[in-house]
Structures are given as C-alpha cells and as structure tokens.
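Chemist: Sequence:
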Amino acid sequence: MFAPLSAPGNLRLRSTFTAYAPHDLLHGILKHVSRSFYLTLNVLPEGVRDQMGLAYLFARAADTIADTDLIDRDQRLKYLQQFRMQFASPEIHWEDLREMQAALAPHQMDSAESILLQRLEDCFKLYETCSAGDRMRIQWLMDVLPRGMEMDLTRFPGQSAADLTALATLDELDQYTYYVAGCVGEFWTRMVCAHRPAMSRWDTEKMSAIGVRFGKGLQLTNILKDIGRDLHHGRCYVPEPLLSAAGLTPADLLDGRRSLPLFRPVLSQLIKLAMQHLDQGWIYTISIPGFEIRQRLACMWPILLAGETLKRVSASPDILNPAVNVKAPRTTVYRVMALTILSGANGYVATAYWNQLKKSFS
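If you read the sequence shown in this note's numbering, its first letter stands for residue 49, the second for the next number, and so on.
These aren't lab readings, by the way, just hints derived from the structure by calculation. The structure presented is a predicted model; accordingly, all values stated were derived computationally and were not measured.
Just the calculated beta-carbon pair ranges, DEER-fashion:
hint: 1; residue 1: P365; residue 2: P337; range: 41 to 49 Å
hint: 2; residue 1: R249; residue 2: S292; range: 41 to 49 Å
hint: 3; residue 1: P370; residue 2: T202; range: 19 to 27 Å
hint: 4; residue 1: R305; residue 2: A160; range: 34 to 42 Å
hint: 5; residue 1: A180; residue 2: R277; range: 35 to 43 Å
hint: 6; residue 1: S208; residue 2: H155; range: 15 to 23 Å
hint: 7; residue 1: P337; residue 2: S179; range: 20 to 28 Å
hint: 8; residue 1: R312; residue 2: P377; range: 20 to 28 Å
hint: 9; residue 1: A160; residue 2: Q404; range: 31 to 39 Å
For glycine and all other residues, C-beta sits at the position ideal for the given N, C-alpha and C.
With the sequences and hints as input, model every part of the structure.
Modeler: Written out as structure tokens, the structure is:
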C-alpha cells in the first residue's frame with residue numbers, strides 16, 4: 049500500500065511500458081522520495097509493479113503540490129485541481145502541466161521532489177502507454193486521492209500553531225483517511241485482480257472494501273505518529289468532539305506535558321481504531337494465495353511496521369512534542385523483512401508476530 053503507505057529486484061519493463069520508463073523514473077526517484085514504499089514496490093510481482101510505481105509517483109506529485117508552502121494556498125488549490133483534471137481529460141494538457149512545473153519546481157526544498165516535478169512529463173508519457181484498463185484505474189485513483197490534499201488546504205486555514213484547527217467529527221476523519229489512503233486499498237485490489245491470475249477467485253467488491261480499511265489503518269497510523277508536528281503546523285486531525293469529551297481543546301495539545309494525561313484515553317481510542325482497520329488489512333493479506341509470496345510481503349510489511357509504530361506511539365511519554373520521532377527503527381524494519389522473507393511469507397509465522405503486536409494494546 050502507498051501509505052504508509054510502502055527488497056531486492058531489477059525492473060524489467062513489460063509490454064505496456066516503453067522507453068519513457070527509464071530505471072531512474074520508477075526506481076531512482078522513488079528510492080529518494082519514499083524509501084518505505086520503494087521496498088514495497090520492489091517486492092511486488094511483475095505485471096503490477098510498474099503501474100503501482102507510476103500511480104505512487106502521481107500521488108506523491110499531488111502531495112508535493114499541496115505542500116509547496118512558498119506558493120499561496122489558492123494557487124496550490126488551482127494547480128492541484130488542474131493536476132487532477134489531467135486524468136479526467138482524454139488528452140494531456142501539456143501547456144498546463146509545464147506551467148505548473150515552472151511555478152512549483154523551483155520552490156522545492158527537497159531535491160527528490162523537485163526532480164519528480166521536473167519529470168512529470170515523462171510520467172505522463174509513460175501513463176499514455178498503459179493499457180486502457182490500467183489508465184482507467186489510475187484515472188479513478190487520481191480523481192479521489194487529491195481530494196484529501198484539497199481537504200487539507202481548505203479545512204486547515206493556516207500553517208502555524210496560531211492557526212490551529214481541528215476536524216469537526218469522527219466521520220470527517222474517516223472521510224479524510226479514505227481520500228488519502230483508503231482509496232489506495234481499493235485501487236490496489238482492482239489492479240492485482242486485473243493482472244494476477246491467482247486473484248481470479250477473489251470477490252473484487254468485497255476485497256476492495258477490506259482494502260479500504262487496510263489503507264485507512266495505515267493513514268491513521270501516520271496521523272498518530274506525526275501528531276505533534278501537525279499540531280504545530282495548524283492541523284489537528286483529532287476530531288473536536290473527542291477532545292471536548294476529555295475536557296480538552298485543540299490548543300491544549302500544544303502544551304503536551306500538561307495535556308497528555310487527559311489526552312491518553314483519546315489517543316488509546318484512536319490507536320484502537322487504527323488497529324481494527326489494520327486487523328482487517330491482515331485478513332486481506334492472509335486471503336492472498338500462499339504462493340503469491342511477493343504480494344503477501346508487500347502487504348505484510350506495512351501492516352507489521354504500522355503495528356510497531358503504534359506500539360511506540362502508545363508508549364511514548366512525549367508524543368505531542370513535535371521533535372519526538374516514534375517511527376519504527378531500521379533494526380525493526382530489517383527484523384520484519386527477515387522474518388517474512390525467510391519464512392516465505394508464511395501465514396502462521398507472520399500471524400503469530402501480528403498477534404503478539406496486538407497483545408501490546410490489550
């Protein structure tokens with residue numbers, strides 16, 4: 049999955065991809081833009097690997113547009129909507145794309161994201177060589193996913209603690225997690241069902257719905273992991289009614305040492321929700337045929353690492369501090385990878401690990 053959405057292997061381009069997909073486009077940029085998804089992408093089986101990588105690059109480009117703070121909010125919304133409309137049109141509007149690149153690329157502090165924006169034309173040329181079915185699936189994703197970025201820009205009016213705003217309801221949080229990650233689970237399911245013969249027995253609608261839960265769990269994990277930094281950038285994804293029930297306001301969370309004891313029950317409630325979503329993701333993963341080892345690994349890794357991250361979120365004595373990093377360390381990443389690879393993505397072995405993680409929250 050993209051979120052938190054995401055191994056060894058060399059890229060071999062399939063017939064749907066041509067010379068517009070050099071190694072550095074799908075792998076070199078991804079490796080620098082998102083090391084976690086690079087692992088997931090590389091372990092995916094051929095036939096879906098390239099399409100997933102391309103879709104991720106488009107998703108990351110939309111995120112980069114939304115996060116370009118040196119451009120005013122209205123302009124970012126304009127370019128984000130313009131970018132989304134590229135996928136709604138039967139033809140690519142190259143002049144609009146170049147205008148957006150010229151406006152945004154010089155303002156990127158991260159060199160990998162600057163390169164990604166500069167290479168968007170290549171990404172769209174590659175997109176044009178996809179099969180009609182794959183283009184339709186990517187079009188659907190890129191109609192839904194940028195709505196989450198638009199929600200960030202319209203729902204949160206500022207970029208500092210002085211502008212702090214919270215989501216209004218739990219339903220709003222659920223909608224947000226669907227836009228930015230739940231829809232990826234649906235897209236992922238439809239893509240693997242279209243290209244992997246072993247998935248022909250899956251009920252696509254049923255598994256897509258479970259895939260949505262999978263994606264929501266990954267995004268909620270990201271929200272909880274980054275809660276301190278987001279608060280100081282004016283964004284409180286914790287719904288206001290949950291805070292009110294605990295006797296808190298969004299502004300109270302800025303004083304983490306004082307508010308954390310009251311916030312703990314709210315945090316536990318959201319961790320429980322994330323784990324419930326991830327547990328559905330685990331059902332999704334174990335439903336993948338056992339011989340589809342690469343697919344299983346691509347799903348096991350983000351779930352297990354999300355569980356490890358939530359364990360650290362729960363245990364952190366200073367989770368509201370923007371300087372605190374609770375991301376699973378590399379040693380844990382390597383342990384998860386070693387366990388699952390050496391066991392051949394065995395369901396019994398990996399499920400035992402997952403169940404042990406779940407016990408951390410009981």
